[in-house]
Amino acid sequence: MTSEPKHITLKAQDLSVGYFSKKKEISISKHINFSFSEGELIGLVGANGIGKSTLLRTLAGMQPKLSGNILVKEKPLQAYSTLELANQISVVLTEPPASKNLTVLELISLGRQPYTSWMGTLSEKDKVAVNKALQATETQELAHRKCFELSDGQMQRVAIARALAQDTPIIILDEPTTHLDLYHRAYILKLLKKLASENKKTILFSTHEIDLAIQLSNKMMVMTDKANYFDTPCNLIEAGHFDALFPKDTIHFDKTTGRFSIKK
Amino acid sequence: MQTVQTYRAYFIVLCFSLFAVFLLNISLGSVSIPLDEVIKGFFGGNASKETWNYIIIDYRLPKAITAILAGGGLAVSGLLMQTLFRNPLAGPFVLGLSSGASLGVALLILGAGAFGGFLGTALVSEWSLVIASALGSFLVLLAVLMVTFRVKDTMAILIIGLMFGSVTAAVVAVLSYFSNAEKLQQYIFWSFGSLGNQSWEGILLLSCCTILGILIAFVSSKSLNGLLLGENYAKSMGLHIKRTTLLIILATSILAGSITAFAGPIAFVGLAVPHITRQFFKTSNHLVLIPAVLVCGSVLMLLCDTIAQLPFSEYTLPINAITSLVGAPVVIWLLVRKRKLLF
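Protein sequences appear in the order of chains A and B.
Quick note: this note's numbering has the first sequence finishing at residue 264, numbered continuously throughout.
Quick note: this note's numbering has the second sequence finishing at residue 343, numbered continuously throughout.
Keep in mind that the hints are not guaranteed to be accurate.
[Claimed, not checked] Pairwise CB distance ranges, derived in the manner of DEER restraints:
#1 A:Ser-197 - B:Leu-212: 31 to 39 Å
#2 A:His-144 - B:Glu-201: 46 to 54 Å
#3 B:Lys-152 - A:Met-119: 27 to 35 Å
#4 A:Gln-78 - B:Lys-152: 42 to 50 Å
#5 B:Met-146 - A:Gln-78: 56 to 64 Å
#6 B:Glu-50 - A:His-144: 52 to 60 Å
Hints were generated in silico from the structure; no laboratory data involved.
Yeah, the Cβ is synthetic: ideal placement off N, Cα and C, and Gly gets one too.
Can you make the complete structure from the sequences, with help from the hints?
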């Protein structure tokens, strides 16, 4: 029952990420291998400080990799100019927009920056893309509100709408479900799932909602301090990799329910 | 994004009030000239009194033009700094440019005493003040640019600007301690700021600098809009952060540097005007905000100057004090009313 081989959009080969500090490499995570295809929702899980954000920032071109290869549509990441990369990858970061005085519509329209002229005015095509983004995230009613008036859940939908308006084949989200209640966590992840399958996008998100991610992701990436695993959630459960996420004396992973439970 | 068209009515009102305040500014002063005479004086005809003609063309018109250039330029550079540092309290002088100018002038006036005698007086002419303050702010600009290349964090640039300010204030204090009362008075008078006494050559040079600075700002408006989301987002949308930061700092320096060189340090216009403008123009699009802030700044400056002339009296108050007296309450009022200051 395997489908046709899909287009690979983002690929990493023996990638190692981290920081440069005083000319010294400080490696946070090594030997990362994966290949993401279009239409896939990929959940990235791991303990705090394991390097999820560093990996996402490296993939989005915000900081240099230490070694290995990142291929965006079979072309090395570093071969892209800032603008070319903006046509391939859009991001949703944990940081809120710097100016809360923007209206929702203004914020989402900014996602069209890679396509607009030097003046930044929107063409008809840009307006269509902005409207589509508003519809997909159900944020039409918020369009003329200012960002400081929004709740966390609404703000997250708007941030996703901005990334959608940027109209890139790859979207990278850093912990899109933090600060949200259970309903909004499920809502956001379902929205991502729908966007990935309907719009043939590759969506990579990091999260601490491991049980939700297992239910919704096509593939998952598990980062531990020993190794990094990339597979479908079922295979990862079978292989027992989720158990390696956290120290076993406090919580353990229940294979049958797909949840973590606290050891009493 | 809302466009200029959305705010056409606002712009018409603004431009009309600019014209009205401009005429008012020229008409009022120690000698008050009736409005119709002012208009007559402009359009070829001669005002009924020869002295009025002289006052309008040689004294009040250059001062009004300087006010328009200084007010508009400082307000735009304030807007640029607030967006670049994403800080509602930023103004044109956070980079330490006016401190640099003060240092230049202080060294010239207070330091000239050290040369003594003839050389000392020859050094302190009108143009040498302009050159000294331009040189001072240019040196600070160079230092800031060097820092920009080395430091990744824009907030670090902000702090370094403030440190430059402290250092120059200290140097000025040391210089004042060793100089005589006369020199000290001359320096303090410069620090009061002055829009008047400009030669037409000076005004031409000032307009060139202001127009250049505003053009750079206007061309960067798309990047400025992108920066409203923060550097990381802006970069993910294809913006070259370093290049943009450099351009914005350059524009601010040209504006604030040249205005300070000619008119002395003028406080609060750069900080307050962008906030006042945002009350009327409910947009964050710099394509709209830059021209709006420009005109608002000019109007406010002309108003402040009209007050400073103390109509019907022979006294003229220091313009720097008036802009603070008008600007600070406005910012406090905005804060109290809206309970937060957004940019």
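Now for the hints, and whether the structure bears them out:
1. Restraint check, Ser-197 of chain A to Leu-212 of chain B: a C-beta distance of roughly 53 Å breaks the suggested window 31 to 39 Å.
2. Between His-144 of chain A and Glu-201 of chain B the beta carbons are some 50 Å apart, a value that agrees with the proposed interval 46 to 54 Å.
3. Range check, Lys-152 of chain B to Met-119 of chain A: about 29 Å between beta-carbon atoms, so the 27 to 35 Å window is met.
4. Taken as a hint, the range 42 to 50 Å is violated for the pair Gln-78 of chain A and Lys-152 of chain B, whose Cβ atoms sit roughly 19 Å apart.
5. A hinted range of 56 to 64 Å for the beta carbons of Met-146 of chain B and Gln-78 of chain A is inconsistent with their spacing of about 27 Å.
6. The supplied range of 52 to 60 Å is met by Glu-50 of chain B and His-144 of chain A, whose beta-carbon atoms lie about 59 Å from each other.
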